[in-house]
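The listed protein sequences correspond, in order, to chains S and R.
Residue numbers for the first sequence follow my numbering, so the first one is 76 and each next one is one higher.
Residue numbers for the second sequence follow my numbering, so the first one is 76 and each next one is one higher.
Hints are computed from structural coordinates only; laboratory data are not their basis.
All clues stand as given, with none of them false.
Same chains, same names: a pair is fine if it fits in one copy or spans any two.
Within a straight-line C-alpha distance of at most 20 Å, the following computed SDA-like cross-link-like pairs (lysine to any residue) qualify:
no. : residue 1 : residue 2
1   : LYS270    : ALA292
2   : LYS188    : GLU438
3   : LYS129    : LEU139
4   : LYS364    : THR495
2 protein chains.
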Amino acid sequence: MDDVQQYVTNLGKSARRASSQLATLRGDVKTAALRNIAAAIRAGRETLLAANAKDVAAAQQAQLAQPLIERLKLTDRRITAMADGVDQIAAQVDPVGQIIEGYVRPNGLRIQKMRVPLGVVLFFYESRPNVTSDAAALCLKSGNAIILRGGKESLHSNLAIAAIIAKSLETSGIDPAAVQLIPSTDRAIVPPLLKLNQYIDLVIPRGGESLIRAVVAESHIPVLKHFTGNCHIYLDADLDGFEEKARAICVNAKTSYPGGAVCNAVEKLIFHKDAEKLLVKVCEDLAAKGVEIRGDARTCALYPKAKPADESDWPLEYLNLIVAVKVVDSIREAIDHINAYGSHHTDAILSNSAAAIQQFITEVDTASVMVNTSTRFADGGEYGLGAEIGISTDKLHARGPMGAADLTTYKWIVTGDGQTR
Amino acid sequence: MDDVQQYVTNLGKSARRASSQLATLRGDVKTAALRNIAAAIRAGRETLLAANAKDVAAAQQAQLAQPLIERLKLTDRRITAMADGVDQIAAQVDPVGQIIEGYVRPNGLRIQKMRVPLGVVLFFYESRPNVTSDAAALCLKSGNAIILRGGKESLHSNLAIAAIIAKSLETSGIDPAAVQLIPSTDRAIVPPLLKLNQYIDLVIPRGGESLIRAVVAESHIPVLKHFTGNCHIYLDADLDGFEEKARAICVNAKTSYPGGAVCNAVEKLIFHKDAEKLLVKVCEDLAAKGVEIRGDARTCALYPKAKPADESDWPLEYLNLIVAVKVVDSIREAIDHINAYGSHHTDAILSNSAAAIQQFITEVDTASVMVNTSTRFADGGEYGLGAEIGISTDKLHARGPMGAADLTTYKWIVTGDGQTR
Chain S
76 MDDVQQYVTN LGKSARRASS QLATLRGDVK TAALRNIAAA IRAGRETLLA
126 ANAKDVAAAQ QAQLAQPLIE RLKLTDRRIT AMADGVDQIA AQVDPVGQII
176 EGYVRPNGLR IQKMRVPLGV VLFFYESRPN VTSDAAALCL KSGNAIILRG
226 GKESLHSNLA IAAIIAKSLE TSGIDPAAVQ LIPSTDRAIV PPLLKLNQYI
276 DLVIPRGGES LIRAVVAESH IPVLKHFTGN CHIYLDADLD GFEEKARAIC
326 VNAKTSYPGG AVCNAVEKLI FHKDAEKLLV KVCEDLAAKG VEIRGDARTC
376 ALYPKAKPAD ESDWPLEYLN LIVAVKVVDS IREAIDHINA YGSHHTDAIL
426 SNSAAAIQQF ITEVDTASVM VNTSTRFADG GEYGLGAEIG ISTDKLHARG
476 PMGAADLTTY KWIVTGDGQT R
Chain R
76 MDDVQQYVTN LGKSARRASS QLATLRGDVK TAALRNIAAA IRAGRETLLA
126 ANAKDVAAAQ QAQLAQPLIE RLKLTDRRIT AMADGVDQIA AQVDPVGQII
176 EGYVRPNGLR IQKMRVPLGV VLFFYESRPN VTSDAAALCL KSGNAIILRG
226 GKESLHSNLA IAAIIAKSLE TSGIDPAAVQ LIPSTDRAIV PPLLKLNQYI
276 DLVIPRGGES LIRAVVAESH IPVLKHFTGN CHIYLDADLD GFEEKARAIC
326 VNAKTSYPGG AVCNAVEKLI FHKDAEKLLV KVCEDLAAKG VEIRGDARTC
376 ALYPKAKPAD ESDWPLEYLN LIVAVKVVDS IREAIDHINA YGSHHTDAIL
426 SNSAAAIQQF ITEVDTASVM VNTSTRFADG GEYGLGAEIG ISTDKLHARG
476 PMGAADLTTY KWIVTGDGQT R
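If we strip away everything but chain S, and leave its shape as in the complex, we get (with noise of 0.2 Å):
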């Protein structure tokens, strides 16, 4: 065995060990240790700040893109605002040995579903720093180990993380294997990682497609992908008396999240044609925020100041000030085409009709439906979940923003006096 495969496997093997531990650990042990991390993250500043100005500086030598190094920087506020992040779970309600299904069967039987932990979790991730520290509580929380793989940016800041929640997890009398950070981003690593299905139960692959088509490619472990967010917004014919609300949503969609690099912001409004005239204010209203407008034949006509859009506008996340509008004649095309060119994130109807969003919410398959409100509310502490490992674009398992209780599946329980069958 060669040493990338020794340490592997070592790693899955400690993770497993503590996640042995982890699951049988009362709530009380469990939001102590929470606490002690957000403690430690406070007391931790000064490290933390001297391990991200190293990340920082290489990301100027780099020229990475100014928004970039926005999402890197921690500062007195956003390390706060992690350790709150981390208190904040730990306040949660423990959902592990929750009953979620109960009844008697004719025989006697009780027939009982609880919650317990999934076992132990594989997170790729990128950028934040605090993505660390929400990931490693979410899976404590739900009595999960997690293997933490971060992006190559954010290396120092996340290496620091990770060593004050260790030393928090051995204060508070837990394995720290429950969260181990990988500290190299050698993507030589990740082929036997993800054949690690002996010892790990879940990949959470969030980040860049290519990564993403990678790890499904590889893997040999179950994955939950977490890809692009082509949001859309269709503007139905009956609009009247919600034009305002209507723009404001179409602004806060685009614009609300910095230079809207951010999965549920909006990439393109669908309008129906008896809603044209809206179509220009919304135009005007986002280029007076800066952002680019690229339009359908029928867009350009109506606002020529949008570009043309082709037929590569409608499949793309753009991540940036940019949106495309088009036209159509029904909501059945609006749904048609949300669900040919869409990403199955988050999706929008603004209408006042109740059987247009009743035929919207039935037939556009996507993970998140809006109706008469803004795709940026898509968001795991936007929807109460306290805090999000990712926005899952999958069916399976989980769908949407994930928290804690996603991060752990059932056990039936059958309890009987002698039945035989």
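Since the structure of chain S is already known, use the hints to place chain R on it.
For chain R alone, coordinates are given in the frame of chain S:
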């Protein structure tokens, strides 16, 4: 594109098209279609028996084992049971559209999680022809299209059942591509099928271990595995007054299904050393039913008629009238053995001790924990699911017996009145 590629692409495309129709069907339309199928199965008795006779003759010629031929055989009674099964699924509550969570956020957003169909299911299975109609009915009920790939030995029977279903679907105004049986058992078709992640949402392989491993290794589509059942019963130290029931449970768990050839039959009995007296009685009960006993050294000392078990016995699923018996010093040792050698399918504890039961429930990593009852109850029908498409040994998405609701995912529906973030 060669012929096989062309064939599987058309299969996937047509199933996807049918799934769009199915997803929006009202419950009463699906119920009526299922009742039509049940009636057509009853009316098609002669056709089904004739097709099945070909399979049985081929199996006899190929000198298949007698229990396998028995499982393959259709009779008047079995055809009635098939039709009744479809009628039972018709009578179930429709899982599609159920709101499984719902609450209002402080900002007034109404958040709901609504069950929706997965889309298209690819199902690999073997032997019993009634699995064809059960699986098709469960998928229709849950609004999914299904692609069926049955075993070679039941091909004629399966084709006859699928033809009856296709005709009923047309009569009911449903796209017959909703249920498609692959009319070939050529292995060459499997790899291209498993690359159709554009059209197929879930693969369920239910059958031999080599088939499942091949599917997992090749699939680009999420797989729900239905592996072996190496099921355990642990007989605890404290069984005063429960001895007779414990003996009956052990006999039931091993012998109630003919030949013990079923995944929820017990394969291993683990006795606490204080239950040694019971060990001899249980072994005698089982031997009297024709069960071969294999024992560890302590078992062989107590019950000398046992054959010595070796290390290879512990992870094995016999699917036969064989059981291996082991004596342990503590519940700890029993749990560690089960977690190390079991298949995480179904494991039972027989005990009067609340503390022992609690420890077993918490620490044994298995889909179904049976307490003071037989492992044979691990079954969708017995759990009240109406029928099952299989018993998942995976932890993701669904675990243990899977019914119609386990063939659904959910959508988040977020309803506002103009909120922005």
